[in-house]
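Engineer: Per numbering that gives the first Met the number 0, residue 0 is the first one in the sequence shown, and the count goes up by one each step.
To be clear, the hints were calculated from the coordinates, so they are not data collected in a lab.
Note that this is a predicted model, so its numbers are computed, not measured.
Careful: at least some of the hints might be erroneous.
[Said to hold, decoys possible] Cross-link-like lysine-lysine pairs, in silico, BS3-like; alpha carbons within 27 Å at most: (1) Lys50 <-> Lys24; (2) Lys6 <-> Lys24; (3) Lys50 <-> Lys6.
[What the hints assert, rightly or not] Distance windows between CB atoms, simulated: (4) Glu25 <-> Pro67: 21 to 27 Å; (5) Thr2 <-> Ala65: 29 to 35 Å; (6) Arg42 <-> Pro67: 31 to 37 Å; (7) Pro67 <-> Tyr3: 28 to 34 Å; (8) Ala1 <-> Tyr56: 30 to 36 Å.
Glycine residues also receive a C-beta, built at the ideal position from the N, C-alpha and C atoms.
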Amino acid sequence: MATYAPKADDNPWRVATFMNTDEWKEVSRWYPFSLRSLMPDGRWFEQARCKSRDSAYEIMRALSIARPRDYFIIVQCTL
């Protein structure tokens, strides 16, 4: 499995954020699972940050029922 820096240009899961690298690491330390949805322009939008994969999955299930034509992924953000 490939790993990418959060703001790297080649990161296919990159999310536009105002956080610097240290802030991103701190958030990822406490909430390692990121639920993201695909926007029409091909970028990813972070819907939620969760402590567990199960909680991210529950939110994703609810969103997919409300928005059945959207695409969602869960990304584990590691340090």
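Engineer: For each hint, tell me whether it holds in the structure or not.
Structural biologist: Hints and how they fare:
1. Between the alpha carbons of Lys50 and Lys24 the distance comes to roughly 14 Å, so the proposed pair stays at or under 27 Å and holds.
2. At most 27 Å may separate the alpha-carbon atoms for a hinted pair to count; Lys6 and Lys24 meet this at roughly 12 Å.
3. Between Lys50 and Lys6, the direct Cα distance comes to roughly 21 Å. Compliance with the 27 Å bound is thereby established for this hinted pair.
4. Look at Glu25 against Pro67: about 35 Å separates their beta carbons, and that is not inside 21 to 27 Å.
5. The hint said 29 to 35 Å for the Cβ distance between Thr2 and Ala65, and at roughly 32 Å that hint holds.
6. The given range of 31 to 37 Å is broken by Arg42 and Pro67, whose C-beta atoms sit roughly 21 Å from each other.
7. Taken as a hint, the range 28 to 34 Å holds for the pair Pro67 and Tyr3, whose Cβ atoms sit roughly 29 Å apart.
8. About 22 Å separates the C-beta atoms of Ala1 and Tyr56, a value inconsistent with the hinted range of 30 to 36 Å.
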